[in-house]
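K.L.:
The primary structure of each chain is shown beneath.
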Amino acid sequence: MRRLLTWILSTVAVVVLLFGYKTSTGGAVQPTGTVVAAPGTGTTTAPATAPATSGSTAGTGRTYTGAAAQTHWGTVQVSITVTDGKITDVTVPLYPSGNDKDQRINARALPILTQNTLTNQNADIDMISGATVTSDGYVQSLQSALDQAGLA
Amino acid sequence: MTLTPAIPSAASGAPRPVRHVEQVMGMPISVALRGRHAADARAHAAWTAALAVLREADRVFSAYRADSVISRLDRGELALGERARRDSDGAFDVRRGGRLDPSGVVKGWAAERAAAHLAQLPDTDFCLSAGGDLTCRTLNPDDPPWRIGIEDPHDPSRLVAVVPIHTGAVATSGTARRGAHVLDARTGRAPSGIASVTVIGTSLTGVDIDATAAFARGPDAARWLDIRGRTALIVRTDGSTVLLSHDSDG
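First to last, the sequence lines map onto chains A and B.
Taking the working numbering, the leading residue of the first sequence gets 133, the next gets one more, and so forth.
Taking the working numbering, the leading residue of the second sequence gets 3, the next gets one more, and so forth.
Honestly, the hints are just simulated from the structure, not real lab data.
Where a beta carbon is used, it is the ideal one built from N, C-alpha and C, also for glycine.
Some hints could be false.
To be verified - Quick partial rundown of chain A residues pointing at chain B, CB under 10 Å, derived from the structure:
| hint | residue |
| --- | --- |
| 1 | L242 |
| 2 | I257 |
| 3 | I260 |
Take these sequences, add in the hints, and give me the full structure.
P.N.:
Set out below in structure tokens:
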């Protein structure tokens, strides 16, 4: 995911560069390589000064959706929203479709180091992962505390 | 989506998950459910079916005899054990002292099969823990992730980390609670230098095996998990931690 995220971010940077180029020249830009294409409509004016009233507008900004690109991980498509010349939103309408689980795991499943002591009142923890929990040790365990706090 | 029961937690205002716990295979099996079928008859039926899978696994694997185990073991299980042995360069071996000892791969595998029953509940998220190894599902990526506390191997009343996970599996292997129950099959001794290994990925079977195998490798655990591209948290015996971040798999 880190690589994918890096790829997406770099792609966004490319799109931004394309915007900048287009704004300064007013001409069409041909994307190179396999990166996401320039804005879907070919008649875009500088978004900073002329927010479009047609096409895919979102709020006060304008949304540009790149062409779907084939990557090592599968098909990726990036969409950005530009408001007053700044990117205000980045979405990824198309993720690699091979394994739906992977993206969710990779996106947010990194361990966050903590020093917290868990108590019954701590509702932020749903389960405990620890070295093999046995029935003998269960009564004293954090998992037991969680279970007792939430038993139906 | 109807959420029941609506007991708001102080922290977020969201309903608390519905919980159940049973003792099976000598360990607590805990489940947390949230969503449409968190607390109704379908939830109860799915939980009962999940427990039945674990009890059957317990019956088969705890009652095994040398002359019958082959016929009763799932063929995939044997292949799994062999793969684990090969991948860990022999540190993990379901055959100990020449006899088949599949307990190292059974727990995660059985729990994953049990979770399949929970996965059939429509519009319902679950997090199932089998003795501290767990598999979770979240259907809507906009919903909050399950938050998994990673136990401090030096003080089980404390956490060393929290893993926010929508869908996936977390397994921890270490010396807590049972003492040195994991031996390096190559030396027959307890591994040194490592207090616990937590592996995060898609498949509970996979992360369970890799956590156990990595822990068995001792000081080599981090390098081995890194090569395998695992997302993992290692707690050393001196209390320091190693965090490995990778594309998750297996």
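K.L.:
Now, for every hint given, state plainly whether the structure supports it.
P.N.:
Status of the hints after comparison with the structure:
{"no.": "1", "hint": "L242", "result": "holds (6 Å)"}
{"no.": "2", "hint": "I257", "result": "holds (4 Å)"}
{"no.": "3", "hint": "I260", "result": "holds (5 Å)"}
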